[in-house]
Amino acid sequence: MTITIREITPEDPSALHAWWEVGAAASAERPFPAWASWEVSQVTWSQARTDIDQVFLLAEVDGHAVGAGRLVCFLSDNTHLADLEVYVAPAERRRGIGTALLTELEERAASAGRSTYFMSVPTPVDSDGAGVPFAAAHGYPVASREETKLVDLDDTPGWAALDGEVAARLGDYRLEVFEDVTPDHWVDGVCTMLGAFIGEVPAGDLDLEAANWTPERLREHEARTRDTDRAWVVGVAVAPDGSLCGFTEVGVSRQDPRLGRIGGTLVLPGHRGHALGLGMKLATHRRVRELFPSCESIETTNADVNAWMNAINVRMGYRIVERLLDVQKKVRAS
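Numbering-wise (this note's numbering), the sequence shown opens with residue 1 and increments by one.
In case anyone wonders, no lab produced these hints; they're calculated from the structure. Using N, Cα and C, we set each Cβ at its ideal position, and we do this for glycine too.
Across the chosen pairs, the derived CB separations fall in these ranges:
| hint | residue 1 | residue 2 | range |
| --- | --- | --- | --- |
| 1 | Ala112 | Val181 | 30 to 36 Å |
| 2 | His17 | Ala311 | 40 to 46 Å |
| 3 | Gly96 | Val201 | 33 to 39 Å |
| 4 | Asp62 | Leu206 | 36 to 42 Å |
| 5 | Arg289 | Val125 | 23 to 29 Å |
| 6 | Thr156 | Gly63 | 48 to 54 Å |
Can you build the whole structure from these sequences, using the hints too?
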């Protein structure tokens with residue numbers, strides 16, 4: 001068997017669709033529709049980016065697509081990192097295709113001067129699946145353990161009681177929700193919150209550095225979100241002194257709004273204990289349901305050691321559907 005690996009680009013829709021089909025087949029065993037539709041994926045991958053470099057690799061045997069790989073190199077910060085993705089069609093596994101793709105991705109990451117490679121590996125709740133042993137065999141130990149959870153937006157009988165708790169504990173704090181464009185008076189505060197995530201959210205042993213969010217970067221992110229036909233629903237908590245002290249975000253595709261995804265939730269130290277995280281999430285989830293009646297569920301991923309956020313999610317009705325293990329390899333920079 002001869003495995004041929006070639007680089008493809010979003011400008012070749014036929015090759016990109018073959019890449020997407022491999023990923024869809026490899027993700028079909030996951031317990032929720034984690035793999036975006038072709039229409040959504042094509043728009044996302046075809047957009048010009050200034051914050052990342054990305055490479056798509058397609059593995060073929062006898063002219064048939066059997067594997068897909070993607071390399072993402074961050075350009076704004078964490079420029080030592082390479083984010084790798086490897087997908088193999090289920091019927092083609094254990095034939096060396098994943099290894100061939102990973103080897104090529106690592107070579108390209110090294111050429112880009114990256115010194116830490118990582119992959120996010122979804123696994124069943126009660127086992128490591130095939131991905132973790134594959135990663136370990138290639139020098140990628142688990143660096144962070146997370147849980148992926150879903151909440152059914154049509155089954156939220158406990159939210160009314162939670163509203164009462166938030167109202168009782170909020171005190172002089174207040175909550176606000178906006179969509180797509182950050183109000184000018186909150187731009188600096190939102191940048192501060194986004195930059196604080198890596199230092200405040202449990203990340204295990206992942207080799208992450210703080211992100212530098214500027215107003216220009218935020219506006220570019222918002223424009224990219226609009227250009228890919230996605231909604232960005234944001235909740236913020238405002239402290240008694242008028243400063244932002246909490247932030248949460250939910251992204252939803254306007255083309256396929258069945259599943260919303262939380263990008264992150266954070267309340268700054270010194271402001272915790274006022275039900276701000278709970279209140280922000282309730283407010284944004286309701287706004288998503290108002291904007292997108294066909295949105296069935298919202299997904300979130302949290303470190304298994306993040307007891308505070310996990311407790312909030314349980315109370316809101318989130319249930320664990322799979323684990324997400326981040327595996328990592330550190331190498332010498334070339």
